[in-house]
Amino acid sequence: MRIAVTGASGDYGRLLLPRLEADPGVESILVLDTKEPPPISKVEFHRVDLTRYDAEAELTDALTERPVDALFHLAFLFGPILNGPLAHELEVIGTMNVLTAVGRARLPRLVVPSLTVTYGARGNNPALLREGSPLFGCPHSRFVNDKVEVEGQVRAFRERNPDTRTLVLRFAPLLGPSLDNPATRLLSHAVVPTLLGFDPLWQAIHEEDAGRALHLALRAEAAGEFNIVGRGVLPLSGLIRQAGAQPLPLPGPLFRGALRALGVVGAGTLPVALLDYMHYSWVADGERAESALGFVPLHHVRDAASALRRSQS
Amino acid sequence: MTKGVLGNDPFQRGAAPRTGEVKDDAAHPKAAKKSAAAKGAKSAGKAKSARGGASKSGAQAKAPKGGKAAEAKQGPATPKTPAAKVHKFEARSHERGGARHEEDAHASGQHPAGEDVSPLREPSVPGPAAGPRASRPQVLADEVGGSRPQERTVDRALTEAIASEAAETAAKTAVDELFEGRTGPDRDIERVLATELVAEVAESAVRQVLDLGNGDAGEREVATAIATQVAEATAGVAVDEVMDRNAASPEERTLASAEDRPGEARGLDEDEGADEVWTADAWRRDPKDAPPPEELEEVWTADAWRRDPEGMAAPEEPDEDDRVTGVERVEEDGVHISVSIIEGAAPTDVEPEVELPDESHDELPPSRRPLSLVSDPGEAPLPDEAERDARGFGRPEEPAAPSGFAGRAAGMFSLAKEIAGQALASEGLGRAVGAMHGLMEAMRTSLGTGGGSRLDDYGKDAGLVESLQPVLDFLYEQYWRVSVEGVDQVPRGASILVANHSGALPYDGLVMAQALLRERPDLLEARWLVEDQVFHAPMLGTLFNRLGAVRASPENALRLLDEHRPLVVFPEGYQGASKPFAERYRLKRFGRGGFVKLALRTGAPIVPVAIVGAEETSPLLGRIPGGFLGFPSLPLTAPGPLPAKWTIRFGEPLTMEGLAPEAADDLGEVQRLTERTRESIQRMLQALLRERRSVFTG
Numbered sequence: 001m002r003i004a005v006t007g008a009s010g011d012y013g014r015l016l017l018p019r020l021e022a023d024p025g026v027e028s029i030l031v032l033d034t035k036e037p038p039p040i041s042k043v044e045f046h047r048v049d050l051t052r053y054d055a056e057a058e059l060t061d062a063l064t065e066r067p068v069d070a071l072f073h074l075a076f077l078f079g080p081i082l083n084g085p086l087a088h089e090l091e092v093i094g095t096m097n098v099l100t101a102v103g104r105a106r107l108p109r110l111v112v113p114s115l116t117v118t119y120g121a122r123g124n125n126p127a128l129l130r131e132g133s134p135l136f137g138c139p140h141s142r143f144v145n146d147k148v149e150v151e152g153q154v155r156a157f158r159e160r161n162p163d164t165r166t167l168v169l170r171f172a173p174l175l176g177p178s179l180d181n182p183a184t185r186l187l188s189h190a191v192v193p194t195l196l197g198f199d200p201l202w203q204a205i206h207e208e209d210a211g212r213a214l215h216l217a218l219r220a221e222a223a224g225e226f227n228i229v230g231r232g233v234l235p236l237s238g239l240i241r242q243a244g245a246q247p248l249p250l251p252g253p254l255f256r257g258a259l260r261a262l263g264v265v266g267a268g269t270l271p272v273a274l275l276d277y278m279h280y281s282w283v284a285d286g287e288r289a290e291s292a293l294g295f296v297p298l299h300h301v302r303d304a305a306s307a308l309r310r311s312q313s
Numbered sequence: 001m002t003k004g005v006l007g008n009d010p011f012q013r014g015a016a017p018r019t020g021e022v023k024d025d026a027a028h029p030k031a032a033k034k035s036a037a038a039k040g041a042k043s044a045g046k047a048k049s050a051r052g053g054a055s056k057s058g059a060q061a062k063a064p065k066g067g068k069a070a071e072a073k074q075g076p077a078t079p080k081t082p083a084a085k086v087h088k089f090e091a092r093s094h095e096r097g098g099a100r101h102e103e104d105a106h107a108s109g110q111h112p113a114g115e116d117v118s119p120l121r122e123p124s125v126p127g128p129a130a131g132p133r134a135s136r137p138q139v140l141a142d143e144v145g146g147s148r149p150q151e152r153t154v155d156r157a158l159t160e161a162i163a164s165e166a167a168e169t170a171a172k173t174a175v176d177e178l179f180e181g182r183t184g185p186d187r188d189i190e191r192v193l194a195t196e197l198v199a200e201v202a203e204s205a206v207r208q209v210l211d212l213g214n215g216d217a218g219e220r221e222v223a224t225a226i227a228t229q230v231a232e233a234t235a236g237v238a239v240d241e242v243m244d245r246n247a248a249s250p251e252e253r254t255l256a257s258a259e260d261r262p263g264e265a266r267g268l269d270e271d272e273g274a275d276e277v278w279t280a281d282a283w284r285r286d287p288k289d290a291p292p293p294e295e296l297e298e299v300w301t302a303d304a305w306r307r308d309p310e311g312m313a314a315p316e317e318p319d320e321d322d323r324v325t326g327v328e329r330v331e332e333d334g335v336h337i338s339v340s341i342i343e344g345a346a347p348t349d350v351e352p353e354v355e356l357p358d359e360s361h362d363e364l365p366p367s368r369r370p371l372s373l374v375s376d377p378g379e380a381p382l383p384d385e386a387e388r389d390a391r392g393f394g395r396p397e398e399p400a401a402p403s404g405f406a407g408r409a410a411g412m413f414s415l416a417k418e419i420a421g422q423a424l425a426s427e428g429l430g431r432a433v434g435a436m437h438g439l440m441e442a443m444r445t446s447l448g449t450g451g452g453s454r455l456d457d458y459g460k461d462a463g464l465v466e467s468l469q470p471v472l473d474f475l476y477e478q479y480w481r482v483s484v485e486g487v488d489q490v491p492r493g494a495s496i497l498v499a500n501h502s503g504a505l506p507y508d509g510l511v512m513a514q515a516l517l518r519e520r521p522d523l524l525e526a527r528w529l530v531e532d533q534v535f536h537a538p539m540l541g542t543l544f545n546r547l548g549a550v551r552a553s554p555e556n557a558l559r560l561l562d563e564h565r566p567l568v569v570f571p572e573g574y575q576g577a578s579k580p581f582a583e584r585y586r587l588k589r590f591g592r593g594g595f596v597k598l599a600l601r602t603g604a605p606i607v608p609v610a611i612v613g614a615e616e617t618s619p620l621l622g623r624i625p626g627g628f629l630g631f632p633s634l635p636l637t638a639p640g641p642l643p644a645k646w647t648i649r650f651g652e653p654l655t656m657e658g659l660a661p662e663a664a665d666d667l668g669e670v671q672r673l674t675e676r677t678r679e680s681i682q683r684m685l686q687a688l689l690r691e692r693r694s695v696f697t698g
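Taken in order, these protein sequences are the chains called G and C. Heads up, the first sequence is in our numbering, so the first residue is 1 and it goes up one at a time. Heads up, the second sequence is in our numbering, so the first residue is 1 and it goes up one at a time.
Keep in mind the hints are simulated off the structure, nothing from the lab. Incorrect hints may have been included.
For the chain G half of the interface with chain C, some residues (derived, Cβ under 8 angstroms), not all of them [as the list claims (entries may be wrong)]:
id: 1; residue: A190
id: 2; residue: T194
id: 3; residue: P249
Here a beta-carbon is modelled for each residue, glycine too, at the ideal position from N, C-alpha and C.
Whenever a hint applies, use it, and build me the whole structure from the sequences.
Here you go:
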């Protein structure tokens, strides 16, 4: 089984590559990336910059030259970056290029990671969001909305290309010692501001579980979207405590103003949009991943958070 | 020992010795010298004062050495008991030039706590004019008396005699010297008085020392040395005192003495080191015209003053308090030293420190000056006193803690623990504590800091519910005395319990869930749906969610019914909870019949439920616009739940048999079923209201 991976040097790539390497069924890994991947025996490296105008042609060439059985499109950001246009190029346009190339090369399988934050934290979310729930995104977050757009592209692609088994894995916030994303950054502070009077339910997934889910997607018979979440839920304050920090409830307007100010200055390490996720719950139901993908999370949210704590100390 | 323990107990806690202060002490000797010099210079103009100053400063210079020697001797003989040690240290500090202040601290420590401290804080006499510093006889008496109870050996008597003799001679010489330059009508009498005074002070000092010590031979020498030194040192002061007394009006003095006594420092004996101070005192006293603003030293002087006269029943001067403060401060230093000494096993180590004490004096004055109420610069600021006192007292005692006091404290502590244990063991108290804990948890949860790690998918926190159970039990059983009727009619498996919503704060869902939990343990845990306005209300919504409320939405309801849970719904929604008190128990429109559609789709039976009592528990008295919090309005209600009696009556279930799930799309059918449910509930409500004779007793 030959596999192509974009964005292999990202967090997802780092979680997945070792598993593919260890998987005896995998013959070769074609890495399509701007950065050289870690030297692994199975890896073939092909430099492709997804943000370039000719990325699609390059991808098509690479994929037709060396046909693969599956493509993991992992070239995504894990949090908002200051350069919004670049993020948009990478996520939305890059995905468009990849989808086009995959369609041309008629690959049998495409795996795209996404995030449960695309559901949006809203007051009228049901207690558990199933995969069919609409993706409302987050009105204030370009990052989240880019993800939503990517999901839309992928869904459209899936409908047009039924021969390509397309799996979208919506991950709960990933927590783990090796990750750097808004959630881990949030939890790495000694004191984490929260919204006074609100304590939404959070999910999280341990990085090992996330890697396992990605790997499972390689052979799954199902297609479509899957919520990949850890076991259980925790209130935000509980998550913070588990991560070894202290929640500091702040009145909403004050908090919002402070975050905005920090964001304007450019010093903000926390996206303003995170506020929504501190206000309302967005709990995704991992039932489908379990039944169709065969993914059973091994780690409870608690463990994921405390793994973070261990990594800090 | 008893003295120390009893008197000082209250302060003991704060008494950790601080290393930093030792340093201060080290600085003392220089300061002492300086001050002496300053005094001398000032006094130059006046014959009297000049003399007194000179002699005193001379005495001072000597004093430190003598003190040292004494200490050195005493050191090895230090008694084992901590209290005794403390005393000794005090004694030592007296011997030292700079250490006089200690006495005050010490003295106050010996007294029952409140007594000394409070009087010191208030300046009994504001007047700077009070010129002469009164002496406090009672102080001495106290101190001496305190040590009395301890056994005296013959040795001790001997020592005392020797010491007193030495003191007397010393006093005589000193006084004579002082009086030489003075002329006055009663000079002879004065001289005698002064001598007596001095001798007495010296003697008391000796006694004090002896009290502390074991009475061995070394001590004798020490005692003698002390006596002499004290006598010398005191002489000037005593003379001044005597003179002043003549000048001061008798009434004033008596008054002052009366006032001062309790608050006074009684550390007569310690005065040893007081030479300079006294000098300063003397200074101030005699020439009212030009009291050299020597600050601290004066203050101390004042102290010394107070102290020495102990022996004499003579009238005191007013307004000592301020000075006392200063004195006490000094004491701290002295005390401090003593502590360090105690800690350092070898007396030799101690000595260097001992000599130093005076410096602190110098340092103190500037800070004090602004505070003092009295014009006299030497007086100490009252406000600080409490602190200082505490510190001063505490410190000397500290070392004592391990044995006598600590033992007792440990005993008390264990007793207290036992009592607490017993109390906790009693069921009621235990429950109360548990309830408090639960409430705290609830508070934290609602603020959003609760944490909690045992949440289910809907957000119910089993841990919180558990810790809040005592409160819920109390509310359910004793406060609201919920009576439940017809609960057997609730079918097993999924069912929709439709109830009237009532009260400004929706306790009813919680109570329903509790009622089902208690009366029908065979059913799965019930959940209740709450409208968005409550669910997303800050704090309240969070808390309710953790207690088991679920946001009212078809998805959630379906999921809960799929789990075969009884589901409590309030179709009136927010309107039901926000109807004015006048419209209580009158059902509002039942939403859009969502619960009927649910029932039709899932086949779950509808059980009408009437709840009476919730309206009176939190009557809606008015509304506050609450848009800024995301509420349509904030209910104005009783500050807490009122103890109305609750009755919950379950009606006969409406089964969905014979009705196809498609009927859910038939609005007419839905409407019909909705109306039936509504009528059923209204009927039960009216019946319950008719049966109810009193809101609060049922």
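Okay, the hints, checked on the actual structure:
At its closest, the beta carbon of A190 of chain G sits 15 angstroms from a beta carbon of chain C; the interface hint therefore is violated under the 8 angstroms criterion. Interface restraint check for T194 of chain G: the shortest CB-CB distance to chain C comes to about 5 angstroms, inside 8 angstroms, so the restraint holds. The beta carbon of P249 of chain G comes within 5 angstroms of a beta carbon in chain C, closer than 8 angstroms, and the hint placing it at the interface holds.
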